[in-house]
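Asker: Those protein sequences? They're chains A and B, same order as listed. When we follow this note's numbering, the leftmost residue of the first sequence carries the number 1, and every step to the right adds one. When we follow this note's numbering, the leftmost residue of the second sequence carries the number 1, and every step to the right adds one.
Read the hints as simulated data drawn from the structure, not as lab findings. All of these numbers come straight from a predicted model, not from anything done at the bench. Glycine included, each C-beta is placed from N, C-alpha and C at the ideal position. Hints should not be assumed to be uniformly reliable.
The list that follows gives simulated cross-link-like pairs (lysine to aspartate or glutamate, DMTMM-like), each with its CA atoms no further than 20 Å apart [said to hold, decoys possible]: (1) A/LYS236 with A/ASP177; (2) A/LYS231 with B/ASP47; (3) B/LYS27 with A/ASP178.
If you only want the chain B side, here are some residues facing chain A, beta carbon under 10 Å, derived [claimed, not checked]: (4) ALA20; (5) THR23; (6) GLY26; (7) GLY31; (8) GLN61; (9) ILE63.
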Amino acid sequence: MNDADFMRYSRQLLLEDIALEGQQKLLESRVLIVGSGGLGSPAALYLAAAGVGTLVIADDDRVHISNLQRQILFTEEHIGQPKATAAAQQLQRLNPPIRVVPLNQRLLGESLYQQASLANVVLDCSDNMTTRQAINAACVASNVPLITASAVGFSGQLMVLTPPWQQGCYHCVWQDDDEPEGNCRTAGVLGPVVGVMGTLQALEAIKLLTGMATATGALHLFDARQHSWNKIQLQKSTSCPVCGELSHANPV
Amino acid sequence: MQILFNEEPLQCPDAQRLSALLTELGKLQPGCALAVNQTIIPRPQWDQFVLHDGDAILLFQAIAGG
């Protein structure tokens with residue numbers, strides 16, 4: 001780290017849990033963020049600001065004016081641009097020394113598995129069940145920690161899932177590939193609700209990357225109306241086709 | 001016996017099984033997860049899972065948006 005780095009990261013270097021050693025780990029880390037919308041925007045901004053050395057941002061969408069109410073990476077001048085490219089530009093402006101890799105594609109199959117394998121942590125900031133199940137399968141197959149969050153209306157859900165998956169995986173909780181009825185496009189969502197969830201993904205990522213204790217093995221349900229949280233313990237499904245005992249017979 | 005279903009008290013037969021209860025309530029539908037006393041019960045266990053007096057059941061929908 002140079003003098004500018006010491007100044008830039010001074011407020012988190014002061015924390016005993018981070019300090020020089022933790023900052024070094026962040027600078028050497030690589031995080032894959034799938035989706036740069038309402039969750040991915042705050043998550044990527046905080047991780048870039050904290051000095052995560054390499055951020056890979058995957059999104060196949062373009063910025064639309066209806067995104068600006070909650071996707072705080074983007075401004076009016078980005079309308080029509082690919083989200084991953086626009087996100088990378090904004091993040092590089094915030095912290096030029098880090099490396100930001102935009103992937104203007106829907107990560108699937110082998111390329112998703114490859115990107116997950118290269119990452120120290122994967123953030124699922126996507127907006128559909130098919131992608132969420134694929135990200136989970138790729139993380140389990142490559143033994144990379146997964147921080148998954150979602151939001152719609154006034155509700156949010158967050159899980160930190162880590163190898164060796166003793167508390168199970170995303171598929172142990174959500175077994176259906178069908179899309180849930182409500183999504184942000186049809187049911188609406190408030191910016192700060194999805195912002196809270198994305199911000200917490202960044203927080204949990206920093207804790208994982210720096211070796212701090214994290215809230216693994218639980219599903220956190222956020223009720224924004226009541227401003228309350230419900231913490232549900234996870235339980236592995238022994239017959240889970242993704243992380244269960246028989247899963248090696250069906251490699252992803 | 002009495003249980004709590006999504007925070008509402010509910011009478012049900014002794015040793016009621018989870019899937020039987022959900023069928024009776026018309027709540028056995030896809031896209032849901034279920035916790036008993038704040039622990040997830042994976043769906044493949046719902047058929048065998050026996051409820052006890054005072055159990056608190058939470059049934060909730062998946063959210064995929066972001």
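Asker: Run the structure past the numbered hints and jot down the numbers of the failing ones, going up.
Answerer: Of the numbered hints given earlier, those the structure breaks are 2, 4, 5, 6, listed in rising order.
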